[in-house]
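What follows is each chain in one-letter form.
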Amino acid sequence: MTPVCCVEGVLELRSVRPGETVIRGVAASLFLCVNPAGHLRGQWHYTEEDCTFRELLVDSYTMFLSPHTSLPVSLRSKQSGKKRGHLHLSHFLPVKNPGLLIEEKDGQEPGIEDPDVNSEDPLGFGQMSQAHAIFSPSMHRKKKRRGLQ
Amino acid sequence: MSPGSNPSSPSMTRVHSSPWVLSLRLSLLLAIWDRAKCGSGDGKSLWQRPLTNNDFLTGTFPDGFLWGVGTSAFQTEGSWDRDGKGASIWDHFTHKLYRMGNSIGMATADTASDSYALWEQDVESVRYLGAKFYAFSLSWPRLFSDGNSTGPPNPVAVEHYQQLIRMLKALGLEPVVTLFHWDLPQSLQEHLGGWKNPEMVRVFSDYATFCFATFGRDVRYWITMHNPLLLALLGYGTGAHAPGVTGDPADPFIVAHNLIRAHAESWHIYDKQFRPHQHGQVSITLGSHWVEPFKGQATAVNVELCQKSMEAVIGWFAEPIHGSGDYPSSLQVSHQGLIPEFTPEEKLWVRGTADFFSLAFGPDTPRAVHSISSFGQSGMLNLRKVLVWVQQEYRDPHVLVAESSWFSDASVGVEDTVAIFYMKRFINQVLQAVVVDHVKVFGYTAWSLVDGFEWNNGYSIRRGLFYIDFNQPQRTRVPKTTAQFYRKVVKDNGFPTNETGKDITGQFPCDFHFGVVHLQPFSPQFTDPLLYRWNYTGDGTLRPVIGVRLRTRGSQCSDFLAIQRHIQLVEMTGTSHYRFGLDWPQLFPNGDISSADREAVRYYRCLLTELQRKGIQAVVTLYQPSLRSPTMGMPSPQHDSGGWMNTSMVEAFANYATFCYQEFGSLVQVWITINEPNRLIETYNRNAQDRERVVRNLLLAHARAWNIYHTHFRQLQGAKVSFTIHADWVEPANPFVKSHRNAVQSFMLLELGRFLDPFLKDMDHPNKKTVLTDERAELKGALDFIALNHFTTRLVLSKAPLTETYNHGYSLMYDPTWTSSKKGQALAPWGLRRVLGWVKDRYRDSRSIVITATGIDDQASHDDQLRQTYIRSYLQEVLKAREMDGIDVGGFYVWKLQDHHGSDFGFFTSSHHRSQPKASVTVYRELISQRGFPVTTGDPVTSPLVMPCELNERRMACWLCNGLAENRPLLFFGICVTISMLMLAGVIITSVVVKSRKHKRRGVIQILHKKGVLLVFESGNPIL
Chain C
13 MTPVCCVEGV LELRSVRPGE TVIRGVAASL FLCVNPAGHL RGQWHYTEED CTFRELLVDS
73 YTMFLSPHTS LPVSLRSKQS GKKRGHLHLS HFLPVKNPGL LIEEKDGQEP GIEDPDVNSE
133 DPLGFGQMSQ AHAIFSPSMH RKKKRRGLQ
Chain B
637 MSPGSNPSSP SMTRVHSSPW VLSLRLSLLL AIWDRAKCGS GDGKSLWQRP LTNNDFLTGT
697 FPDGFLWGVG TSAFQTEGSW DRDGKGASIW DHFTHKLYRM GNSIGMATAD TASDSYALWE
757 QDVESVRYLG AKFYAFSLSW PRLFSDGNST GPPNPVAVEH YQQLIRMLKA LGLEPVVTLF
817 HWDLPQSLQE HLGGWKNPEM VRVFSDYATF CFATFGRDVR YWITMHNPLL LALLGYGTGA
877 HAPGVTGDPA DPFIVAHNLI RAHAESWHIY DKQFRPHQHG QVSITLGSHW VEPFKGQATA
937 VNVELCQKSM EAVIGWFAEP IHGSGDYPSS LQVSHQGLIP EFTPEEKLWV RGTADFFSLA
997 FGPDTPRAVH SISSFGQSGM LNLRKVLVWV QQEYRDPHVL VAESSWFSDA SVGVEDTVAI
1057 FYMKRFINQV LQAVVVDHVK VFGYTAWSLV DGFEWNNGYS IRRGLFYIDF NQPQRTRVPK
1117 TTAQFYRKVV KDNGFPTNET GKDITGQFPC DFHFGVVHLQ PFSPQFTDPL LYRWNYTGDG
1177 TLRPVIGVRL RTRGSQCSDF LAIQRHIQLV EMTGTSHYRF GLDWPQLFPN GDISSADREA
1237 VRYYRCLLTE LQRKGIQAVV TLYQPSLRSP TMGMPSPQHD SGGWMNTSMV EAFANYATFC
1297 YQEFGSLVQV WITINEPNRL IETYNRNAQD RERVVRNLLL AHARAWNIYH THFRQLQGAK
1357 VSFTIHADWV EPANPFVKSH RNAVQSFMLL ELGRFLDPFL KDMDHPNKKT VLTDERAELK
1417 GALDFIALNH FTTRLVLSKA PLTETYNHGY SLMYDPTWTS SKKGQALAPW GLRRVLGWVK
1477 DRYRDSRSIV ITATGIDDQA SHDDQLRQTY IRSYLQEVLK AREMDGIDVG GFYVWKLQDH
1537 HGSDFGFFTS SHHRSQPKAS VTVYRELISQ RGFPVTTGDP VTSPLVMPCE LNERRMACWL
1597 CNGLAENRPL LFFGICVTIS MLMLAGVIIT SVVVKSRKHK RRGVIQILHK KGVLLVFESG
1657 NPIL
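Read top to bottom, the protein sequences are chains C and B.
Every letter in the first sequence is one number past the one before it in the working numbering, and letter 85, counting from 1, is 97.
Every letter in the second sequence is one number past the one before it in the working numbering, and letter 773, counting from 1, is 1409.
Simulated from the structure, these hints should not be mistaken for lab results.
All residues carry an ideal CB built from backbone N, CA and C; glycine is no exception.
Honestly, I wouldn't trust all of these hints.
EDC-like, lysine to aspartate or glutamate: derived pairs with alpha carbons at most 16 angstroms apart [claimed, not checked]:
| id | chain 1 | residue 1 | chain 2 | residue 2 |
| --- | --- | --- | --- | --- |
| 1 | B | Lys1416 | B | Asp1398 |
| 2 | B | Lys832 | B | Asp887 |
| 3 | B | Lys908 | B | Asp842 |
| 4 | B | Lys1356 | B | Asp1420 |
| 5 | B | Lys931 | C | Asp126 |
| 6 | B | Lys1060 | C | Asp133 |
Heads up, incomplete: computed chain B residues facing chain C, CB under 8 angstroms, no partners named [to be verified]:
| id | residue |
| --- | --- |
| 7 | Pro1002 |
| 8 | Phe1043 |
| 9 | Ser1044 |
| 10 | Met1449 |
Looking at chain B on its own, in the form it has when it is part of the complex (with noise of 0.2 angstroms):
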């Protein structure tokens, strides 16, 4: 429990005025000196080096870590006026602003969250969270009505605390007592002028005194006041919180040296009165913001000014408690003559009283600061590295977060979704403060327990974990969906478990596609007859010169440069299997059989022989719809008739369909149809029964095509076919909100079963009204494999109800944490082998499944880590649905080959970038040659056991066809040396046989001539 040793700190006890004594005094005023003048820490360098592991840490906070929740006096108790309490500078504060009908909404503090009455419930609050501790403040006008702690205590307010603490302490929970949470009795502002006054120290430092002597019994943390910081700048500076002084600049600064004056007292009363028998430790909680150099530019200027923001906000009161025991010097540059002067005694007196670092890191401080103390640089919300800049400035000290979280509109209520989020990023960055930076952070306190009076924001905003209509007398608690979440992360101190689970090992089996795709490989070769003639007219243009037409020669596959350049590529990732698209309008520019171009065929049927030639299966999309194409990926024709809102369309298409088959059929093994006609159907933008006309057009296309193969093709050229479907995964967006987890069905439906359903579903497809009886048999088993295009997972959440027709009432979003691409796309293995799972689940089909498309983009032109951790955990999750779920997985395609401009989702850069490999086709070609994640022996020299493929040995023959092919000349020469030898041996043997036997002559050359032939036909053959 205890964060640390008992403070021993020989420099703060009180100063005795002996010789000795006095010399010791001043050797460590000089070595105090030396440490202000060249700053107190290396927190500067948080802005030069950035901090490591960024990402979500999967892990916990270590044994005994406090978990813990919070709630002031004033913000929650209400009863202001009851049993003989005074009046507090915000009871007065908000009456007064309450008359003259301000902007806090009309509103008081006068019954609040009724804690002072409900505080059984309040208890009952923390223990639903399994909180560890309960961070209160105590009312100091309820203890002491006029604020004077040397006259007798309001005996009912002492009752009442003690009841508080006697009944956490009976339920195991620790009290953490903070004494001023900005409540200061009004009759203290009103005779004493409040902070701005001396004499508050010792006024503050008798009240510390009884409250340490009638609670310390039961109390091992107090905290003296909460974020002084605020109290002096929105008190005494703005105005905006009570006592709301305004006026004089050097007000906040003469009140804050008070404050940490009365802090340091009442700690040295403890340290000396009541600790040697209480043994609790004293601290006093700091707020804090966080500061970016302006631009992401770390130049020395903007880190000097980020330290100078930082030192303006917590270094004010940080660096006299926990530094050197003076302020900055950079703030007492620049606030020369408002900054109130420590003697060199009190510097001695202030530094060192608190006995761990107890930091707030909520809204209040950043609102209050953004304007006035960022120095042009740009605040940001990091409480990691607040963490550690607290660690680097002040020697390492034990910290509590004693505040936590951000806020949530009033309007948002119980269902609390973002709310989860930012608690999520915030414990996570503690989490990382602890594990990678070993920042001795001990407790953590969820900001605040129930919904309050929030100061000058009133109850328009929210931080409760739970939640109060503050219309209802009854002020019932109703936990928020954070309240659900934050129980679980203490259960689970901190993040256990990711949502991935252990690598296993395994292999694919030697039939499992290893595939790349790529959009529409096509390089029209230059065939041009005509001659042109430059700048002939001095306009600077090509013009060509009429009659002349120039002779050029039959076309060969040796055209296609790109082609060979191309398939290198493939060849260099090492799949076996290749997926591209057929340029639709390319092959048929009117739109029909008739203008089918012929050039376009030669192609195709150029690159698929090469891919043939090599060994690389082909995996043929015939239409793949892009935003890229103007027309949607469909000859004009088609595309000014309506497109797939045509019926035409189906004729069409499998009219086209036809014409594939006919000409790459012998080439293709895979045929898909159309790829993501869920995606597809979003272009067309149009109401609900016009989208139902495309979606039943475009399953009645593939369905068309898919017979069209079966009856006619297959026999012969045994492909497969299928379409492919865009099948991301969704998580609920809140999991502790019903409708938001409904949502991930309703969604799973209309992406995938509005699709899969007429092909592998009797009865009950979402589709029966669209698609009639005798269609739909048309549709039934029309599939040979299901083909899924996983990218991401994405949150959703659905506020409506989802229907067929009426599909826009969910909205999709992400979860922050998650690592992402530059595009947005996360990272997020687990949904691959969510979506597997779920398509099992509803068609227990016995149809294999194939990933025909997965990736992400990266923004490096090397060395792409995120797409190499994303194909090795993407793969282990197909791996894990294989051999953990039963799952029939038969491929996985890496989108994509190649990029078509800058860095994005290509294994190779664009071809403006000399198409250099990055380092993800090691990683994949690795993976493939040992088809997965094979056991590897102990020894690190043996290599992994990999059981050989007939595949390999095919590879193998091919290699040896390569390498013959690739001395083309010196094989040509050997032929020839060959035949001729041949020829000469035939001659003279023909000589003798002649002369032996002159009527078997003939036969002989002939046969010997055949042979010839046919050597030299097959040199020639295996190059294009």
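Chain C with its partners taken away, still in its complex shape (with noise of 0.2 angstroms):
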């Protein structure tokens, strides 16, 4: 992540499937998780039972069930909700930050780690498959990399 993109944004949201996502405040690097009793909180390690929310599309903006319980997320505090007598639940608008998708495109670039020049092979010339994985393109989908197939 670059400075710029961090300073600028205050949850991270990375789709880990479709209409899942994990949720990491930015500032405090902490994972917003939910433990089986349905209590919000900040985890340093992503917990993948207690860590992926459902996502729901209402009314243009985006709602976060719990995974436990499947209760939406409210980040405000339940004595404020109780005051006006229900419990407020949280809308979130994200945005796209084009910083962040170019980081993980970069990421991606193949050749870009260092050959290991200790090794016989350093550039995987001999990386090989076995036939049982032979790509088709009228019958894959996705192919990973090269040698891995």
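Hints given; two lone chains; assemble the complex.
As structure tokens, this is what we get:
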């Protein structure tokens, strides 16, 4: 992440699967998670079952459903909600961060990693695949990298 | 032979002390000072402007290019104490470590490759390669056991080297002689402290003088020392090399300083005393690494650091000798206080003391410097860029690549397949530097001739072109496959021909299918009669209102807006054929005919009708298995009951096929039953017996579907039926290994033979065990044409012989020098022609072959140059197969019409990206309109000679009806006016007729009325 994007972004939302999102506070570098009792908290380490939220698009805004209770996430404290008589739910409006996208693209560029000069095959010329994994464009969807076909 | 003019360097002659010479020196000094301040060369631009033409270059080196091979004395000679040889620092170092049981693997070089005794075998090996020179080094302690060259030499050693040189000369081989390759006499280390002592400058130049005087008559190329950087860094810095001195950070710099001065002194001696009558050239071999900016980001800071990295390694020695006469300023700044200073006189005296640039590019230098001199940048192995950097930094010198190769692990042995690709890549990078960048490289040294003692790696890594078993006392030299490869490169003087050969001109016949493929176009129309209410309970969801049903209008083909748009794309490519797959689960949701979805049927009928109306032939795939589909493209009941493992699939597929023939048959010109059954079977990750069952069911399903069509539909509908097979080509990974060559045939039999043999061959097909005799009769001939999906070529290697039950005995890889796509698909057009040749040779069948899918992924969203090249070059190969090999290829279908998401295989971007055409659409369209590669007339104004086709005429006619269709309102209005006029005329005529012949009135009106109905009907018909 470049410093510029960190200054401007408050929460980093990453989609891990269709409809499933991981939320991280940029300044604190904490993952937003829910413990099995349904309490929100920040965690240093990502755990899939606690920190993956289901995304629900409502009225152009996004709501996040808790992984355990499937209740929408509210960022207000209980007290401030109680004063008005009901709990306020948080609506999010995620904005694409071009800085982040560029960074991810660069990271995937092949051949950027330093070759291992202590290897007999530093450029991976001898990377082989087994014949039972032959790639065909009309059959397969994706091919990760050469050699891993 | 000569790399250039003999050096004439006035500034390098010894300085005399007369006043005007002094002033000249001063101005020269100022000039040098200026140059040093603003950086010596233009090497930095390499990181700012990337080099062009990075693909593998076909071509040869200039005439007279010197091909050679090299060794060094200590690594190969052995006989460490024979015939009066003294110990070198490396003898001492290895013996000491051997006693301590060190990590070198208890290895010494006491015998090594035994080249001192077997030198004639070495010369024989050089001849095997066809090389023009042999680069070797003299053993200083062999010639002078105490290193003192002012005393008498060891006569046996002198005779040994003289014999070697004489033999080389007699065979027409040029000796390239290195004076010092790190094996300093141990006594000089003990008495003088080795290279830390400035006295070494004189001691070395005495030794050099002796060598020039003794051997110089026959030596044209002298190298004073080999890669002194490693001696300084590893010998006096880390201690990994002899003499193993560590501790003082200034030592490497002092050592380097003395090495440079010793070299310069020797050069001056040769220049003055020997050059006039010996006419040789002297240089010093300098090792280099290469760096690229961190993460490929060529920021000003990164570029500066890259340059600094190069200056700290090769520049350390090259800048004094080939550049300004002083150390690079970046190195002086970073090592202030450690690095000695040259006096102004020394700078002039050191500068220019090399007659050509001798470059070493192998594993040793990158391995030594990658942790200390990378400055956070990325190390890379790019010999071409090093050569261009040298060209730009040191004023375009003549260059000898004096050491080049990577290494293999000792276990690799003789079949060093991977090493071939490193050699191929490095030599091609030199060719690119010569041809594209005009670097004056005049020679290349493959390193090394024989396996030897690899310094601190002992015998655990190998760099020889000839294999040696160090446990064998005979030390037999066995050529590795790299030796065979190098021999071919030397013989060809490069890479004169590519596999593709020259393009030919010619056209495809009128009935040739130019096609485009799409996976499964389907977009059901929204015809929901329910009424919904949003957010009624405040939960933000849509809920249907119970009890309300809306009236929807009857469905029409024009509801499917997507069809119009989709076919517009097909039309833009100009193809005559469009191939797509039906969605089996969509048509049969519950897997049988009772559940047939009429809406889906209607959609496909609309699509096919519209295609027919546009004059585009439909090629329909019944079953297109895809990993996109969770059920592998079959209805879920079939998938759940085991898919193709279950024999009932044959019946289910036959029923489905019959249904499709009935519903769509009148609109389909070609049927493909099953797409790529050879890929489909791999999804059944089971034992070999199960896989054979899957194969059997697939073959029978196709045969059943073909027979049904043949018996019940062919007469009426007249389409062709086949199945497609994934038919990529393979080449042997190592053409010099028999098992790799055999693997090609075994692989093709497993991939193609397994599926095509039962249909096209009488006996002996691999499935005879699994397919019963009566079934065999059902398969035989059940194929109207051979359909191949071909995308790329791979390399195959096999360790075990292949069998039909065990097919994992071989591996696949790519030739890294091939151009390839982002997804790693290699562009190897000749592979297509070879597949066609293989099929023709095997079956000798009269059926035509159709390339039912071919294409490549390209990241470009518009200018997809890789795809353009792919389409042109692969279509060229089809033409060659037709014209030159006499193979009846009937069609060429490009995969595929449109991207799904991002830039991929599509001619058009995805609908999210507004279905924009890429540049390859125009290329393909032009190829189609010219029907291939017609002979162009000399005059650029006149168009190529294109013979007209009926097809074109039909398209013209269709264009006319399109024109009419587009002006529908006008046409309708016109017809209305005509009818009115006719009616009016009719009324008038009638009234006239009534007056004259009352009894004929009724019939006339009827006729006119019929005509009017007919016209209205026609105007409404063509549009959906």
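Status of the hints after comparison with the structure:
Our distance criterion of 16 angstroms between C-alpha atoms is met by Lys1416 of chain B and Asp1398 of chain B, whose separation comes to about 8 angstroms. Only pairs whose Cα atoms come within 16 angstroms are accepted, and Lys832 of chain B paired with Asp887 of chain B is accepted, the gap being roughly 7 angstroms. Taking the CA atoms of Lys908 of chain B and Asp842 of chain B, the gap is about 14 angstroms. The hint holds against a cut of 16 angstroms. Under the criterion of a C-alpha separation no larger than 16 angstroms, the hint pairing Lys1356 of chain B with Asp1420 of chain B is consistent with the structure, at around 6 angstroms.
Proximity of Lys931 of chain B to Asp126 of chain C is assessed by CA-CA distance (about 9 angstroms); at most 16 angstroms being required, the pair is judged to hold. For the suggested pair Lys1060 of chain B and Asp133 of chain C, the alpha carbons sit about 14 angstroms apart, so the restraint of at most 16 angstroms is met. With its C-beta approaching chain C no nearer than about 5 angstroms, Pro1002 of chain B sits inside the 8 angstroms limit, and its interface hint holds. Residue-level restraint check for Phe1043 of chain B holds (minimum Cβ-Cβ distance to chain C is 6 angstroms; threshold 8 angstroms).
Hint status for Ser1044 of chain B: holds, given a least beta-carbon distance of 5 angstroms to chain C, under 8 angstroms. Hint on Met1449 of chain B holds. Least Cβ distance to chain C is approximately 5 angstroms, under the 8 angstroms limit.
The earlier numbered hints are all upheld by this structure, with none contradicted.
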